[in-house]
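Peer 1: What follows is the residue order along each chain.
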Amino acid sequence: MHKYPQVLFQNRLPKRIATLDEYRQSGGYRALEDFIGKRPPAEVSARIDEAGLRGRGGAGFPAAKKWLSVPTDGAFPRYLAANCDEMEPGTFKDRILIHADPHLIIEGMILAGYATSASKAFLFVRPSYESSAVILERELELARQAGYLGRNILGSEFSFDIVVHRSGGRYICGEGTALLNAIMGKRPNPIKPPPHPTVKGLWDRPTVVNNIETLANVPHILRNGAEWFKNLALSKGGAGTKLYCVSGRVNNPGCFELPIGVRLSEIIDDFAEGLPAGLEFKACLPGGASTRYLTREHYDVEMDFDSLPAVGNRLGTAAIMVFDHKTCLVAATLNLIQFFARESCGWCTPCREGLPYIRDLLWRIEHGEGREEFIPMIREMCKYSWNSYCALAPGATSPVESLLTHFEDEVREHISQKKCPFRA
Amino acid sequence: MLPDNLKKTLSESIAHAEVPREKAVDVMFELQDHCGYMSDEAMAEASKLLGMTTLELEELATFYDHIYREPVGRYVIHVCDSAICWMNDHQSVIDHLCSRLGVELGGTSADGLFTLLPVCCIGYCDRAPAMTINRRVFGLLTPEKIDRILNRLKEQAQYTETE
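Chains as they are written, first to last, in the numbering used here: chain A, 1 to 424; chain B, 1001 to 1163.
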């Protein structure tokens, strides 16, 4: 039925989550039984390393390398923070994953905790995912009753528990170090490393921060092996599958599990069923709002961690936001920069002051008050975003910079016509 | 003053945390449910429970978009105004909500039931345009669907008042 193997979504049902029993029947918790107390924690990391699992939250950092950066003589207790803040516009994969197979995430978290000798994990959930938080709390309790969580898991020496941590809601909380401040009940400003959280994280203890999609891959890799995982990918050097979200101007928006390295054109044309009749593809943001506009020229690009940088872009969260030829990209970019300006935590100047400045210039251009000199001004302001404390500001200026790279004519048309050419 | 049973529940939850302030958002959510919003009194109570100064708590209360430091209606509507909802004509959703409730964005309806706030992408881009009401999501919004939702909530409010 599916063209490609369904791994993370193997138990996905249309209307409800997979139960604990259904998860077990599909091989769930077998990796836990095989590893916890039976094989050394280092073997978990070694298998994940061999499989080449890279982080699915946006940065693509190798998961095992992060785990192995926890110092062997690091202090205890150690923590795991599972990131389900998911506030990148266009991104909703974590929500779909929780509503499909919550125990897959729970098992992945326990195994990651085992690999890094952590004793407690925080599952960080945004307010608009309250239904996900409720599901997770209920299923965590079932896992506890089954002996998969708590003291001496499955009779071993290993004790580990998971709590759901509700966010008060702000985009910056998804940034790894800001997330740690949020969990500790502090204002969620990012913390500039070093030291990295794996050395000094929550309450100065070693803490691993992983996205929940990353963690959900762990049980499958341990059950099926590194070679199997690598072979799931279509592109050379890639590994595994990815949850691709498609939204915007397509007939069938949704979240699709497809191999790493699947072509963008196949995702949009086949799985998202193309654009509505009469509309043409103009551009997309391939990995959420903080990636760059990708034009028709690269419509066939392989969606993986290496192919997108080769065409000057990023895989990001693999949330593909599709824009058609009738959508004004100055207005779209104004909306995006408005998001980032509002969500800036305000900690450092290039972000707090720079993003509203760019928003103001774009607003003027979109509303017929633009001037030629605004274009170099915007370009210069975008460069300053790299002086900021965390990745929010460079992410925020990615669509703006790429608007000027690919659609400068459209911007100039706004200026010369003293109005938005897309408006009647 | 907080009822004793609520205080007890909160204290127990705090006792399970690594440090009390880890529970700051949870405590504020609970107090909001009880008091309607984070009033100065609620802030003082929460600070005491969490062992934080009110200033430390204020840093969080004014930062998060789901903590309300001003009075809000019984139902707080967060309507998404980010890119995908924008593409799916979110403006007509906002206009309809404003006219139905007789408010501007940020306002509370005269009957005190609804507060309307804009919010960043809520992660329902596959069901745009979307909004949340008291952290419950409603997607694929149309004027008719919005009317149905608001009418149901009004009925619910009336029912709980006459109960």
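Please keep in mind that the hints were generated in silico from the structure rather than gathered at the bench.
Remember, predicted model here, so these are calculated numbers, not experimental data.
We put the CB at the ideal spot given by N, CA and C, even for glycine.
Misleading hints may appear alongside valid ones.
Unchecked claim - Here are some, though not all, of the chain B residues that point toward chain A, as calculated from beta-carbon distances under 8 Å:
| hint | residue |
| --- | --- |
| 1 | 1068 |
| 2 | 1082 |
| 3 | 1084 |
Peer 1: Could you check the structure against the hints above and give me the numbers of any it violates, in ascending order?
Peer 2: 1
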